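Asks: Okay, here's what each chain looks like letter by letter:
2 protein chains.
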Amino acid sequence: MLTLDLRCDKKRPLHRQIYEQVRTAILTGRLRAGQKLPASRQLAQSLGVSRSTVTQSYDQLIGEGYLHTQTGSGTFVCAEIPDNLLMTAPSPRFQQGCFTMPTEEALPPLSAYAQRIRALELLPTAPKQGLISFRYWRPDLSLFPIHQWQQLIKRHSQDNTNWMTYSRMPTGHPRLREEIATYIGQARGVHCSPEQIVVTQGTQQALGLIAQLLLEPNDTVALEEPGYLSARKIFLSRAARLLPIPVDGEGLIVRAANGLVEQTHRQPAKLVYVTPSHQFPTGAVMSLQRRLALLQWAQETRSIIIEDDYDSEFRYAGRPVPALQGLDSASGNLTNARVLYIGTFSKVMFPGLRLGYLVLPPALVPIFARAKWLCDRQCSWLHQSALADFIGKEHLSKHIRRMRTVYGRRREILIQALQECCRSFGPVAIEGDPAGLHLMAQLPLAQAGLCDHQLVERARRKDVDLFSLSPYYLQPPASNDRFIFGFGGLDEADIQEAIARIHSVLQDAVDN
Amino acid sequence: MLTLDLRCDKKRPLHRQIYEQVRTAILTGRLRAGQKLPASRQLAQSLGVSRSTVTQSYDQLIGEGYLHTQTGSGTFVCAEIPDNLLMTAPSPRFQQGCFTMPTEEALPPLSAYAQRIRALELLPTAPKQGLISFRYWRPDLSLFPIHQWQQLIKRHSQDNTNWMTYSRMPTGHPRLREEIATYIGQARGVHCSPEQIVVTQGTQQALGLIAQLLLEPNDTVALEEPGYLSARKIFLSRAARLLPIPVDGEGLIVRAANGLVEQTHRQPAKLVYVTPSHQFPTGAVMSLQRRLALLQWAQETRSIIIEDDYDSEFRYAGRPVPALQGLDSASGNLTNARVLYIGTFSKVMFPGLRLGYLVLPPALVPIFARAKWLCDRQCSWLHQSALADFIGKEHLSKHIRRMRTVYGRRREILIQALQECCRSFGPVAIEGDPAGLHLMAQLPLAQAGLCDHQLVERARRKDVDLFSLSPYYLQPPASNDRFIFGFGGLDEADIQEAIARIHSVLQDAVDN
Numbered sequence: 001m002l003t004l005d006l007r008c009d010k011k012r013p014l015h016r017q018i019y020e021q022v023r024t025a026i027l028t029g030r031l032r033a034g035q036k037l038p039a040s041r042q043l044a045q046s047l048g049v050s051r052s053t054v055t056q057s058y059d060q061l062i063g064e065g066y067l068h069t070q071t072g073s074g075t076f077v078c079a080e081i082p083d084n085l086l087m088t089a090p091s092p093r094f095q096q097g098c099f100t101m102p103t104e105e106a107l108p109p110l111s112a113y114a115q116r117i118r119a120l121e122l123l124p125t126a127p128k129q130g131l132i133s134f135r136y137w138r139p140d141l142s143l144f145p146i147h148q149w150q151q152l153i154k155r156h157s158q159d160n161t162n163w164m165t166y167s168r169m170p171t172g173h174p175r176l177r178e179e180i181a182t183y184i185g186q187a188r189g190v191h192c193s194p195e196q197i198v199v200t201q202g203t204q205q206a207l208g209l210i211a212q213l214l215l216e217p218n219d220t221v222a223l224e225e226p227g228y229l230s231a232r233k234i235f236l237s238r239a240a241r242l243l244p245i246p247v248d249g250e251g252l253i254v255r256a257a258n259g260l261v262e263q264t265h266r267q268p269a270k271l272v273y274v275t276p277s278h279q280f281p282t283g284a285v286m287s288l289q290r291r292l293a294l295l296q297w298a299q300e301t302r303s304i305i306i307e308d309d310y311d312s313e314f315r316y317a318g319r320p321v322p323a324l325q326g327l328d329s330a331s332g333n334l335t336n337a338r339v340l341y342i343g344t345f346s347k348v349m350f351p352g353l354r355l356g357y358l359v360l361p362p363a364l365v366p367i368f369a370r371a372k373w374l375c376d377r378q379c380s381w382l383h384q385s386a387l388a389d390f391i392g393k394e395h396l397s398k399h400i401r402r403m404r405t406v407y408g409r410r411r412e413i414l415i416q417a418l419q420e421c422c423r424s425f426g427p428v429a430i431e432g433d434p435a436g437l438h439l440m441a442q443l444p445l446a447q448a449g450l451c452d453h454q455l456v457e458r459a460r461r462k463d464v465d466l467f468s469l470s471p472y473y474l475q476p477p478a479s480n481d482r483f484i485f486g487f488g489g490l491d492e493a494d495i496q497e498a499i500a501r502i503h504s505v506l507q508d509a510v511d512n
Numbered sequence: 001m002l003t004l005d006l007r008c009d010k011k012r013p014l015h016r017q018i019y020e021q022v023r024t025a026i027l028t029g030r031l032r033a034g035q036k037l038p039a040s041r042q043l044a045q046s047l048g049v050s051r052s053t054v055t056q057s058y059d060q061l062i063g064e065g066y067l068h069t070q071t072g073s074g075t076f077v078c079a080e081i082p083d084n085l086l087m088t089a090p091s092p093r094f095q096q097g098c099f100t101m102p103t104e105e106a107l108p109p110l111s112a113y114a115q116r117i118r119a120l121e122l123l124p125t126a127p128k129q130g131l132i133s134f135r136y137w138r139p140d141l142s143l144f145p146i147h148q149w150q151q152l153i154k155r156h157s158q159d160n161t162n163w164m165t166y167s168r169m170p171t172g173h174p175r176l177r178e179e180i181a182t183y184i185g186q187a188r189g190v191h192c193s194p195e196q197i198v199v200t201q202g203t204q205q206a207l208g209l210i211a212q213l214l215l216e217p218n219d220t221v222a223l224e225e226p227g228y229l230s231a232r233k234i235f236l237s238r239a240a241r242l243l244p245i246p247v248d249g250e251g252l253i254v255r256a257a258n259g260l261v262e263q264t265h266r267q268p269a270k271l272v273y274v275t276p277s278h279q280f281p282t283g284a285v286m287s288l289q290r291r292l293a294l295l296q297w298a299q300e301t302r303s304i305i306i307e308d309d310y311d312s313e314f315r316y317a318g319r320p321v322p323a324l325q326g327l328d329s330a331s332g333n334l335t336n337a338r339v340l341y342i343g344t345f346s347k348v349m350f351p352g353l354r355l356g357y358l359v360l361p362p363a364l365v366p367i368f369a370r371a372k373w374l375c376d377r378q379c380s381w382l383h384q385s386a387l388a389d390f391i392g393k394e395h396l397s398k399h400i401r402r403m404r405t406v407y408g409r410r411r412e413i414l415i416q417a418l419q420e421c422c423r424s425f426g427p428v429a430i431e432g433d434p435a436g437l438h439l440m441a442q443l444p445l446a447q448a449g450l451c452d453h454q455l456v457e458r459a460r461r462k463d464v465d466l467f468s469l470s471p472y473y474l475q476p477p478a479s480n481d482r483f484i485f486g487f488g489g490l491d492e493a494d495i496q497e498a499i500a501r502i503h504s505v506l507q508d509a510v511d512n
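Those sequence lines, one after another, are chains A and B.
Per the numbering used here, the first sequence runs over residues 1 to 512.
Per the numbering used here, the second sequence runs over residues 1 to 512.
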């Protein structure tokens with residue numbers, strides 16, 4: 001007689017339990033090939049379940065080839081279940097959310113690319129709840145005009161069904177590309193036609209496509225020191241050799257680049273990655289002079305500039321400097337255009353949107369279109385068409401204007417709080433231009449006898465998530481008393497509370 | 001005096017025209033550094049526009065650094081606009097939708113990867129309107145329960161805001177992964193826990209991740225001959241060497257694989273790509289015996305099987321054979337698991353959804369999670385959560401059951417029509433099992449003296465889009481009289497009409 005152990009379990013209906021236990025009985029040999037199973041009516045009775053529950057399980061087992069019926073004589077275990085399957089089948093469920101790397105021998109041979117990304121610290125860590133966090137990538141989502149967005153999503157999902165099929169336009173929704181071209185033309189001085197734009201799954205995919213299409217292993221990529229980690233990781237995943245170029249208050253020191261190339265006997269850089277609107281993490285805005293020097297340098301060394309304009313929308317004082325892309329293409333020589341421009345909607349809209357864009361020299365559009373098609377066909381058509389309207393109906397520009405005031409005020413509160421906090425320990429230096437969602441500050445740690453890691457550690461014990469500048473350097477930094485303060489996601493009270501806690505950490509250290 | 005030429009143009013508001021013409025005047029040297037501009041009031045008057053239109057243009061030009069104001073004296077062209085920008089700036093607009101490849105010299109040096117994808121026929125071509133098309137990848141979207149889907153999209157976009165942020169779960173929405181695990185466990189005999197699933201942007205991204213993480217250039221990939229072109233292109237883009245293994249009515253001929261490896265003095269295949277549920281394009285279902293032989297071969301040669309189960313849901317007769325993944329993992333030896341299972345929602349839902357999934361041996365999950373995070377962070381959270389509900393509320397299973405009847409009937413109509421059509425020319429051979437959204441048919445072309453390309457060409461003149469089997473072969477096929485008939489997107493009248501037109505093509509050829 002077949003004995004089954006059924007339990008009341010909302011997640012595993014009875015027919016599933018019967019199916020699984022019979023299947024296991026077959027695979028472990030408890031039920032043998034050719035063996036007859038109890039009639040469904042009989043089994044239902046003995047288990048105290050409805051007959052349809054049993055027939056449902058039997059049907060599935062028949063469908064999957066474990067059982068077969070012989071008209072008039074009953075249900076049998078299939079003869080063709082081969083011996084080598086008749087082994088214990090342990091539950092393959094492994095530890096929930098467990099992304100730790102298994103040991104080498106458990107893996108099939110991985111590619112060199114996989115080996116490289118194995119070595120990178122890649123996965124996101126969930127922040128502890130209840131922390132006040134100076135995370136720099138966080139816009140304030142509570143102030144996003146969510147109602148307008150929801151309305152657009154609803155309308156675009158109901159008004160047409162264009163989102164059901166492939167668009168055959170891997171470079172993106174035509175109306176969205178037009179809106180982007182107009183928007184960055186006005187706001188950023190980017191000169192392009194909609195056909196030069198490729199809509200991507202955020203900056204991440206834009207950088208990934210560039211790295212795949214333009215880099216060979218051991219190619220040199222020049223980047224800012226300190227600089228943006230996610231970009232660095234993408235270049236490292238493609239086996240690029242990184243050439244860190246120091247940054248000052250005017251952005252990348254172009255003069256230093258030449259020297260470094262000679263000094264290291266390297267090939268000229270194939271790509272130069274910069275964040276000129278608000279250098280990450282120092283916050284410097286690249287001056288017009290430096291921009292022109294960089295363009296000239298790129299022209300001379302035939303390198304390509306990647307202009308990541310991630311934080312360009314939020315500028316609180318002074319006038320914006322036109323994008324490198326606009327300065328370059330304004331020279332009119334499009335076939336020699338050297339700038340690939342990257343924009344993202346993660347900060348002005350929300351990170352989960354996963355939409356960004358690349359502005360390419362016309363000659364590069366066909367190869368990027370092919371790569372995007374090969375990679376994932378296209379970005380979400382529903383989100384693209386809703387976003388086109390969100391920009392076209394000026395919801396985006398209104399939101400940006402509003403947030404500029406909010407963020408500008410938060411920045412002031414933060415600076416004020418930092419200055420008050422540090423008053424008794426020494427001068428605090430606020431670096432970077434009044435722009436973006438974070439600032440960099442050099443804190444007076446000497447009197448407290450702390451280094452950056454210690455301050456981060458102790459602030460964390462007081463539930464403040466603080467970020468040292470050190471991890472953003474490739475080479476050891478000259479000083480370890482600088483910090484990145486993201487203020488986008490914190491309201492004014494939180495900012496003041498967090499800085500007060502940092503003050504008490506410093507005070508405690510001085511007192512002891 | 002500054003002369004501007006303004007036109008009435010809905011797409012280019014007046015302030016934009018003023019901005020552009022002044023900017024061009026500066027960049028081309030018509031307005032010189034330091035030159036004074038007319039006062040906004042004065043210019044507005046002379047152009048016959050409102051003053052605010054002019055100030056809007058001026059403000060933008062000031063913002064971008066082309067103009068500056070001196071209190072009390074007026075608006076001037078900036079001195080720091082450097083000489084080398086003062087050249088003609090032609091409109092960079094290039095031909096709309098033009099994805100043809102530019103000549104070599106216009107491009108910056110491309111990577112080997114880019115060179116390879118340049119050589120592939122990659123981009124989609126838009127079908128001519130009004131054609132009756134036997135495209136094989138098209139489900140009937142008019143029968144999709146769109147209302148339920150729209151309701152779910154609306155609800156999930158309004159009930160919570162989880163879709164605004166990064167989930168920190170690059171492998172996908174936990175509830176969707178649970179629903180998928182249950183669904184493929186029941187329907188396909190796939191044995192996995194939700195943690196083994198990685199949600200991807202369709203099959204395309206799943207294959208792309210596999211190729212990147214497991215393939216080195218010159219690695220051998222065995223695949224079905226004839227076979228699926230998109231998979232072939234992804235392997236070629238990674239410089240794989242393809243080993244075509246012939247297919248018969250039971251699917252991949254495993255015995256032939258061994259012989260071919262020896263014959264070609266190749267390394268054993270690193271990957272074996274198969275479509276066992278409904279072989280593309282022959283329609284053969286891989287027999288249980290072949291499946292077990294393939295698993296054993298993979299175990300012996302230490303190769304990895306990619307099981308693309310793209311068409312498994314639609315089976316019109318006979319019992320489904322359990323997935324290779326289930327047969328493999330049922331052996332209980334998870335650390336030696338050799339099957340990567342790919343599923344897609346493009347056919348059972350709609351192609352524009354861009355959601356599919358990979359089922360991985362546990363040891364491979366961490367590296368795929370890292371690669372997905374590096375690639376594009378995550379798939380659309382809104383679509384993932386809506387899809388989880390669509391499956392959980394049984395809308396999907398109901399839709400599949402309904403479509404199985406509809407498609408099954410269309411398949412019968414098609415077979416009947418083909419048989420009647422060909423009766424006077426010779427026997428028609430319908431190949432492939434009763435499953436999927438297409439069938440393969442060998443048509444009697446001899447009497448009409450046509451080859452496959454000629455029939456395709458002539459059918460097209462009668463507005464029928466027909467697909468020969470030839471392009472799906474790597475090596476020249478033995479016969480050129482076989483065709484793929486996709487019936488998913490055609491209603492019964494269209495099927496009959498199209499086949500009638502094919503009949504008239506054949507009749508015309510015989511008559512002449």
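Keep in mind the hints are simulated off the structure, nothing from the lab.
All values derive from a computational prediction rather than experimental measurement.
Check each hint, because a few of them may be wrong.
Since copy identity is lost for identical chains, a pair holds within one copy or between any two.
What the hints assert, rightly or not - Here are the computed lysine-lysine pairs in the DSSO-like style, where the Cα-Cα straight-line distance is at most 30 Å:
hint: 1; residue 1: Lys-36; residue 2: Lys-154
hint: 2; residue 1: Lys-393; residue 2: Lys-10
hint: 3; residue 1: Lys-462; residue 2: Lys-128
hint: 4; residue 1: Lys-128; residue 2: Lys-233
hint: 5; residue 1: Lys-10; residue 2: Lys-154
Asks: From the Cα coordinates, with 30 Å as the cut-off, is the pair Lys-128 and Lys-233 best called within, between, both, or neither?
Replies: Cα proximity of Lys-128 and Lys-233: one copy only (24 Å, versus 44 Å across).
Asks: Between copies, within a copy, both or neither: which fits Lys-10 and Lys-154 at Cα up to 30 Å?
Replies: For Lys-10 and Lys-154, the Cα distance is within 30 Å only across copies (27 Å; inside one copy 33 Å).
Asks: Give the relationship of Lys-462 and Lys-128 under a CA distance limit of 30 Å: within one copy only, between copies only, both, or neither.
Replies: Within one copy only: 12 Å inside a chain, 66 Å across chains, cut-off 30 Å.
Asks: Taking 30 Å as the upper bound on the Cα-Cα distance, should Lys-36 and Lys-154 be classified as within, between, both, or neither?
Replies: neither (55 Å within a copy, 51 Å between copies)
Asks: Between copies, within a copy, both or neither: which fits Lys-393 and Lys-10 at Cα up to 30 Å?
Replies: between (47 Å within a copy, 15 Å between copies)
Of the numbered hints listed earlier, the single one contradicted by the structure is hint 1.
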